[in-house]
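Sequences are here, hints too, so could you generate the full structure?
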Amino acid sequence: MTTELNKQSLQNAYLIMRRIREFEERLHVEFATGEIPGFVHLYAGEEASATGVIMHLRSEDYLASTHRGHGHCIAKGLDVRTMMAEIYGKKPGICGGKGGSMHVADLHLGMLGANGIVGGGGPLICGAALAAKVKRTDNVAVCFFGDGASNQGTILESLNLASVWRLPAIFVAENNGYAEATAARWSVATGNIADRAAAFDMPGAIVDGHDFFAVYEAAGEAIDRARAGGGPSLIEVKVNRYFGHFEGDQQTYRGVDEVKKIRETKDCLMLFRQRVTKQGLLTGEELDLIDDQVRAEIEEAVAFAKAAPKPQASDLLTDVYVAYA
Amino acid sequence: MTRKISFKQAINEAMAQEMARDESVIAMGEDNVGGKGGEGEKDAWGGVLGVTKGLYGKFGDRIMDTPISESAFIGAAVGAAACGLRPVAELMFVDFLGVCFDQIYNQAAKFRYMFGGKAVTPVVIRTMFGAGFRAAAQHSQSLYSIFTHIPGLKCVVPSTPYDAKGLLIEAIRDNDPVIFFEHKLLYGLEGEVPEESFTIPFGEANIVRDGDDVTVVAIGRMVHIALQAAEELAKEGIECEVIDPRTTSPLDEETILESVSITGRLVVVDESYPRCNVATDIAAIAAQKAFGDLKAPVYMVCAPHTPVPFSDALEDLYIPSPAKVKAAINEVVEYAK
Chain A
694 MTTELNKQSL
704 QNAYLIMRRI
714 REFEERLHVE
724 FATGEIPGFV
734 HLYAGEEASA
744 TGVIMHLRSE
754 DYLASTHRGH
764 GHCIAKGLDV
774 RTMMAEIYGK
784 KPGICGGKGG
794 SMHVADLHLG
804 MLGANGIVGG
814 GGPLICGAAL
824 AAKVKRTDNV
834 AVCFFGDGAS
844 NQGTILESLN
854 LASVWRLPAI
864 FVAENNGYAE
874 ATAARWSVAT
884 GNIADRAAAF
894 DMPGAIVDGH
904 DFFAVYEAAG
914 EAIDRARAGG
924 GPSLIEVKVN
934 RYFGHFEGDQ
944 QTYRGVDEVK
954 KIRETKDCLM
964 LFRQRVTKQG
974 LLTGEELDLI
984 DDQVRAEIEE
994 AVAFAKAAPK
1004 PQASDLLTDV
1014 YVAYA
Chain B
711 MTRKISFKQA
721 INEAMAQEMA
731 RDESVIAMGE
741 DNVGGKGGEG
751 EKDAWGGVLG
761 VTKGLYGKFG
771 DRIMDTPISE
781 SAFIGAAVGA
791 AACGLRPVAE
801 LMFVDFLGVC
811 FDQIYNQAAK
821 FRYMFGGKAV
831 TPVVIRTMFG
841 AGFRAAAQHS
851 QSLYSIFTHI
861 PGLKCVVPST
871 PYDAKGLLIE
881 AIRDNDPVIF
891 FEHKLLYGLE
901 GEVPEESFTI
911 PFGEANIVRD
921 GDDVTVVAIG
931 RMVHIALQAA
941 EELAKEGIEC
951 EVIDPRTTSP
961 LDEETILESV
971 SITGRLVVVD
981 ESYPRCNVAT
991 DIAAIAAQKA
1001 FGDLKAPVYM
1011 VCAPHTPVPF
1021 SDALEDLYIP
1031 SPAKVKAAIN
1041 EVVEYAK
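First to last, the protein sequences are chains A and B.
Residues in the first sequence are numbered from 694 upward in steps of one, following the working numbering.
Residues in the second sequence are numbered from 711 upward in steps of one, following the working numbering.
By construction, these hints were calculated from the structure, which means they are not laboratory data.
There are no misleading hints in this set.
Only pairs whose alpha carbons sit at most 25 Å apart, straight line, appear in this in silico BS3-like list of lysine-lysine: (1) Lys784/A to Lys828/B; (2) Lys971/A to Lys700/A; (3) Lys746/B to Lys828/A; (4) Lys768/B to Lys828/A; (5) Lys999/A to Lys828/B; (6) Lys783/A to Lys828/B.
Because the structure is a prediction, the values reported are computed rather than measured.
Structure, rendered in structure tokens:
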């Protein structure tokens, strides 16, 4: 599989994963200063999932995300400067400071938004996939959701509807082991979320979310099938989040050293680096260069966000309707 | 003379004309076609009460049956709207909002604001409402107040076949999410409706009867109840101005306040539960903006604070009647002779 990705694609994959990591780790630091308002849910640790799936998508393909949505947005190509400004509640933010971390969206890039409602994206992605089908395009729609959302009626209904309507939809369950503070091994009755695929007559796959290449391969297969009119798929990506449910979560429900061990043994960026350098596909220096580039980029994004003005009083009442008599 | 068709036919015709005019208009709902997957007739039902009957023959797969899965398909209509289609989704009875409300009020209604004005979500949700069908507590409610409460939604409650057609075409062409309420007891009502396509703008009330003594604002089927009361009172020398807001969001406050400035008396007739409904909303607006004009307290004729009962003996008592409206009008007249 590795051979199918040329040098440029490999560099791009690493760039996206590193960009997400840097964005999230920087937010973790900045949030602690008290300057960032509201709830922030970080995606660090899960980078290979967003990147491995979304690298297959075009800008016309649709994507619905979750409350832990920064990674999906970055992978879909949203601008990190205006994303950062949005999270800071600033006027030049991608949503004018009216959405915040949980509602980052860019419909021009097919990004239907992070979502504050667990399981909220499933039905929306059925609609996006329906639009792709009705308009006779070969575009697809991807719904990311977590292990928590896997138990929501909206997701189960959407799996059924996508199957019944044979929609070009891909459901990606990012099972990071915890819905807030509740372990998936307790809350998901089937153990594996992907086991539920059979109940909706669609292919299901389980992949190791620390392995970019495994995600990339499984997603490619499902997305190609959807584009060719072969209907929906369910992919369960087993991942781990490095930070709490939200920033400020002390994570006392997790095992001692649980995250430390994962970081040391399974980190997706580390595994990627090991693999591509060992196989001589990219050099350590080339990857270091990307690290430097991303660090500067995020530094600049934070500076931009901090310096940006807040929305004005006149912004309060706008953007409710297209027109209202 | 314009031909007469029923309220139900008017809705069907509005959908057919818009589907013919604009390829991006699609329709979906439980048994909107009817008969999917069975061995019998393909277009068996055309909606549970036949409102969409015949559209399948004209437009094929652009009208779709759905599983009984309101969250998924109402949400799909919302998502499809955000991705360039103009879906008309049918929530069979508004009482079923409980199983899909999130997709309407947290998703559709908020996209535009949350996304900084970048989203356009031209979805129409048609839904049946109202008591009098002996359909009991979970199939008879008048829940437009709940939708009126939510910023980002528009809320339409037509009372005549003419309005139903013009407002539905407007709703389909509108670029915001619109909830379109159809009173099940009005489906058979006949009225003059032009064959050609036409629109009625939102936020423009219809003065259905002129009068100088009392302003009566009524919603949906209650317009006809109010008119009946007004005709009877006219024989007693009391002239009511009956106003049908037609849309509860946006609401044409101006027409109501202008009328109250002449009559000085206001009665609002609303079939919904009496707390936090459209009647209390209009009463509050009048209390604040027409206080100086009012000669009497605002009276509200609503359903009682109970679920809708099943037995006809109880349901007939439940629904605001012409007699109750007359009594309220008499009270405000008596209050300031």
